[in-house]
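Asks: These are the residues of each chain, in order.
There are 2 protein chains.
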Amino acid sequence: MRLACQARALGNVKLYIPPESLSATQRLALEGEAVATAFDPSVRIYDIDIPPPGLADLRDDASRIIDVLTERGEPRPNVDLPALAELPGRLRSQRWSGRVIVSRHEENCPRLLGVLPTGAIPFGLAVDLGTTKIAAYLARLDTGQVVAQAGTMNPQTAFGEDVLSRISKANESSSSAESLREVVLRSIEGLADELCRKAACERRAIVEAVLVGNTAMHHLFLGLPVRQLGEAPYVAAVSDPLELAAATVGLELLAGARFYLPPIIAGFVGADHVAMLLAAGVPASSDTILALDIGTNTEISLIHGGELWSCSTASGPAFEGAHIRQGMRAAPGAIEHVRYLEGAFSVQTVGGEAPIGICGSGILDAISEARKAGLIDHRGALARGHPLVSHTDWGPTCVLVGGDDSESGKDVVFTRSDVNEIQLAKGAIRAGIEVLLGAAGIEASAIDDVVVAGAFGTYLDLDSAVSIGMLPPLPRSRYRQVGNGAGHGAIQLLVSRGQRLAAHKLAREVRYVELTVHPDFPEIFMQSMTL
Amino acid sequence: MRLACQARALGNVKLYIPPESLSATQRLALEGEAVATAFDPSVRIYDIDIPPPGLADLRDDASRIIDVLTERGEPRPNVDLPALAELPGRLRSQRWSGRVIVSRHEENCPRLLGVLPTGAIPFGLAVDLGTTKIAAYLARLDTGQVVAQAGTMNPQTAFGEDVLSRISKANESSSSAESLREVVLRSIEGLADELCRKAACERRAIVEAVLVGNTAMHHLFLGLPVRQLGEAPYVAAVSDPLELAAATVGLELLAGARFYLPPIIAGFVGADHVAMLLAAGVPASSDTILALDIGTNTEISLIHGGELWSCSTASGPAFEGAHIRQGMRAAPGAIEHVRYLEGAFSVQTVGGEAPIGICGSGILDAISEARKAGLIDHRGALARGHPLVSHTDWGPTCVLVGGDDSESGKDVVFTRSDVNEIQLAKGAIRAGIEVLLGAAGIEASAIDDVVVAGAFGTYLDLDSAVSIGMLPPLPRSRYRQVGNGAGHGAIQLLVSRGQRLAAHKLAREVRYVELTVHPDFPEIFMQSMTL
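Going down the list, the sequences are from chains L and R.
All residue numbers for the first sequence refer to the numbering used here, where the first residue is 1 and numbers rise by one.
All residue numbers for the second sequence refer to the numbering used here, where the first residue is 1 and numbers rise by one.
Hints were generated in silico from the structure; no laboratory data involved.
The C-beta atom is built at its ideal place from N, Cα and C for all residues, glycine as well.
It is possible that some hints are incorrect.
Said to hold, decoys possible - Covered stretches of chain R, as calculated for chain L (at least 3 residues, CB under 8 Å):
no.: 1; region: 309–319
no.: 2; region: 387–400
To be verified - Quick partial rundown of chain R residues pointing at chain L, CB under 8 Å, derived from the structure:
no.: 3; residue: 50
no.: 4; residue: 54
no.: 5; residue: 55
no.: 6; residue: 60
no.: 7; residue: 61
no.: 8; residue: 84
no.: 9; residue: 85
no.: 10; residue: 87
no.: 11; residue: 88
no.: 12; residue: 90
no.: 13; residue: 222
no.: 14; residue: 239
no.: 15; residue: 244
no.: 16; residue: 248
Stated by the list, open to error - Using 20 Å as the maximum straight-line C-alpha spacing, the simulated EDC-like pairs for lysine to aspartate or glutamate come out as follows:
no.: 17; chain 1: L; residue 1: 169; chain 2: R; residue 2: 86
no.: 18; chain 1: R; residue 1: 505; chain 2: L; residue 2: 67
no.: 19; chain 1: R; residue 1: 505; chain 2: R; residue 2: 40
no.: 20; chain 1: L; residue 1: 410; chain 2: L; residue 2: 353
no.: 21; chain 1: L; residue 1: 505; chain 2: R; residue 2: 67
no.: 22; chain 1: R; residue 1: 505; chain 2: R; residue 2: 243
no.: 23; chain 1: R; residue 1: 133; chain 2: R; residue 2: 194
no.: 24; chain 1: R; residue 1: 133; chain 2: R; residue 2: 161
no.: 25; chain 1: L; residue 1: 372; chain 2: L; residue 2: 463
no.: 26; chain 1: R; residue 1: 169; chain 2: R; residue 2: 182
no.: 27; chain 1: R; residue 1: 169; chain 2: L; residue 2: 86
no.: 28; chain 1: L; residue 1: 505; chain 2: L; residue 2: 106
Make a model of the complete structure from these sequences and hints.
Replies: This is the structure we're talking about:
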C-alpha cells in the first residue's frame, strides 16, 4: 500500500506531511524543505487476540503469536532474543491481546518486534547525528506523521571540535572510543525522552529508529574502529546499509526495536549525504543536479545523465565561525548579514542584538561586499589607505562595526587572515565542484538545479557565495536551500521502504572521486581561491 | 560435501570420530556411545588474500572480503556488528590475508563470522548444560574431530538443587535471574578456556557453539523469563530453534561467532532430549524405540510407525542420592552395586573405598535384591523380624553394610522411606512409559530398542531396573545405555547441518503428552509403584 503524500508551502517553509496527518494541531514545520515521499514503512501492525495457554494448548508464547499471523496468511516472522524476553510478561499483563509489530525491512525475513497494548501507536525515531548538532524526529508509523522534533549539541564536541580530533581521541584507547560512543548514545536517549514527552508516549512505543551521520559519526556510534578512517586512504570498516537490533547498539526502545543505518559512500562522504540526496529528490529526478552539504567537510554530488559523482572537500570550520578572529556561531549578537553602501558597512545581527562577532554567513557577506567595493583585491589583500582598513596587531584589518555600535565597545573587524580562511574554504568547495563537472564532462551552465543543504547552507547569502566564486555563476532560480536535508532524508528512510531501496541503489552506483589524488585538483584549487 | 563417518568400538566405548581424525594421538573417547553422523558443518572456510586499500581502491574493509567471496561465486554474506568491529584491526595485523569463516546455517543468508590467521583451525564448542553438571566438547570444524572434553558442576546448584527451586530464585528479581545466568555463563567460559588449553588454541578460534539443556536451563541461560515455566500449564517462552550471535548471549568467542540452540519440545522436555534422540539415531531409524533420559525429571519418548510421542515425568532426585537417608552422589565410597547372596548383602563401592553411603544405582540394586530375597514386599514394606531389618529412629531400616566394614564405623542402611522414594521415582517413569505405549496403541513387547541415557542411566543395573518394574520386562539385548546422549547430540548438531534439520523436523512432529492432565495417569502411576 503506497499513499500519495504532499509537501505544502507555508511561507518560506515547506511541510513534510503525509496526507493523513494534515489536522491543524498536529502539523509540524521542519526547517527547510524536502521532496515528499510515499508512506510505506517497514513495520506492519496487526491487532490480534492471542489464545492463552491451557492444559489442552501447551504451545510456547512466541508460537501463539506467530500462529495467529500465519493463519492470516502472513509470512512466518523470526523473533530476536530481546523481543522474546519481553513476550511472556507482556502477553500476560495485556491479557493476551494487543498490537503485534512486525518489521518487513527484509521482505523475505520478517521479524516480530513486540506486542504493544491494544490501540497504542507505534512510533519511529529519526536521528541526524551531526558532528556539531544532533537533530531527532518522532514519527507515527501508523500514519507517517512527524509529531515532534528536538535537537541538542553533539556532546562529543567536548572531546574535539572536528571529526579528525575525535578520531584521534578514539584511537587513544578502547575506553576513549567507548566514552565517545556512550555520550552520544545518552544524548540520543535524552532526545528520545524529550520527543516522547512531547508526543505523550513511552519510549518503548518507539519500534524502529533510523540514524544518519557522516562516516566517522556512524562508526563511533556503532563502536566500529575509526583508526583506518583517520589514515590515508581513509577507508570505512563497512559501507553497506545496516539493519540491526536496537538493543545491539545499546539504545533502549521497544526491546525488539530495529535500527537502520543507510549506506555510506566513502570515508568522508557519509550516510547523511545519502539522506540529503534522497530528501532533495535526486533519485527520482532526471535533471542535472549539483548537491552540496556545506560544513567542516563539504560533501558534493553531481548528478548528470543518470550518473552520480561525489567527493568530499576539506572546507574547514570558518563557516561555523571558527578560525576567524572575531568569529562566532550564529548566536544572538552574531553579524549574519552585511551590506556596503555609500562608503560604510551596515550589518544585521542574529536577534537584532548589538554586534558581538561574526558568524559564517556574515563573514561571507562581508568579504563579498568588500571585494565589490574594492576594499579587497582578487588575491584577498586589503586595500591599504582605505579609511576602514588599518594595520593592527592582527595584521591588515578592516572595521565592520565601530566600537560605538558594538556590544563590547570595541570595533568588530575582519582581518587579512580571516579573508584567507574564507578563500581556502570557498576554494576547496569550488574546486570540488569543478572536478566533478570535469568528471561528468559538462560545464557549470548545464546544471539545472543546485541544492544547498546544512545549517550554514540554509542561512548563507547565495548572491554573496556566487559573488566570491564559492558557487558557480548560475541564475538564482536554479538554487535551492533545503535546510537539514540529512534530517529530512532520515525521516523519509524511516517511513518509506522505497527510499531505503533508493538509498541502496544510489550508494551502489555512485562514483566517488578522491580529490587528494586527483591530478588537476591542486591547480584548480589554487585558481578557485581567487576572489 | 558430505563425508562418511565412523563409529569404532574400543572396549565398551564407542568413538565418535570422522575419518580424517583417526590419528592415534588425537582420538578421544566419549563416555557411552552415539550413532555416527555425516560431517557437514554450517561453517565454511575460505583461505584468501585480500587486496589492501590504496588511493586507487577505496572500498570499505568488509567489501574487500565480500567481493573476493562473490568473485569466487559464493553467495554474498551479511556481517554482524561485532564481526565488523574486529575486521579493520585483524585485516591489517594479518597483512590482508587469512581464513575467512562464513556460517551457512541459513543456506540463503550466509554470515561472515571473522577472519582467522592463515592456517588457524576453526573450532566449535558443544555444551550440554545439565541441571547438575555441565559437559563441554571442543571439535575441529575443518575435520569434525572432537579434540577435547571437560566438565564441571552447574554452579546454579548453589541457588537451588532442582529446576523448580531455580525458577523460584529467578522469579525473585531480575538481578537474581541475571545472577543465575551469569554464573553459568562464567562456567561455560571456564570450560571453553580449559578446552582451549587442552587443544592449544585461543578462545577466539571458536567460531560456533551449540548448547543443549532442559527448557529451564535453556531459558535461564538466555535471560528469558521462567515464571510461566514454573506455573501451570508450564509453557516455554519460545520452542523454535535459535541461531544467535554468540555476543548476544554474552559469550566471548570469535567476535562474530554464532550460537545455536536446538528446538524445545515442551516446558519439561527440552533441547537436551532432542539432542539425545538424535545421538540415539532416532530420526534415521524405522524401529520402535523407547528413549529415556533419566534424571530429576525423566524425559521419555516413544517412536513407533514414524510417529513420536514424548512426555516428562517427575522422577525426583532419589537417583542422584538426594532424599535418601544415607544417599550420596556417585563419589568414592558410594555403594554403587549390591548383591544379596546367602543371607547377606555384598556391595561394590565407587573406587573400592570403604562404604560411606549409597548412590542411585546402589539403592536401586539394594531394593531389587531385597525384594527378590523377600526383605521387602510388593508394597515396599520391610519384612519385620528379618535379622537385617530393625526399627530405628528412622523407622523400619535395613542394614546393607555393618559398622565394622563401613568408613564411619556405623551401619550403612536403607529405610522404608528410602524404598518409598524409589517407588515414587520408578513408578513415575514406568507410568510415563505406559501412557506413551497407550498413546501409540502398542504393548511393551513391540519395542525393538530401549535407549537409556543420562549419567544415572549409564550406571544403573538394567536387570535391577527391570526387576523392580521401572523398565518393562524385555530381553536385555534390546536395551542400550548410551551415556551422555545429550552431549553426543550437541556435538552432532555442531558438525552436521543435517542433524539440525533432523532436530527441527523431530520437534515439529513430536506429540507431547501432558501426564498431569492425562485421565489414566493417576491409576497407572499407583499401579507402577508396586515392587
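Asks: Just pull the numbers of the violated hints for me, sorted ascending.
Replies: Numbers 1, 2, 3 and 12 - these are the hints that the structure violates, sorted from lowest upward.
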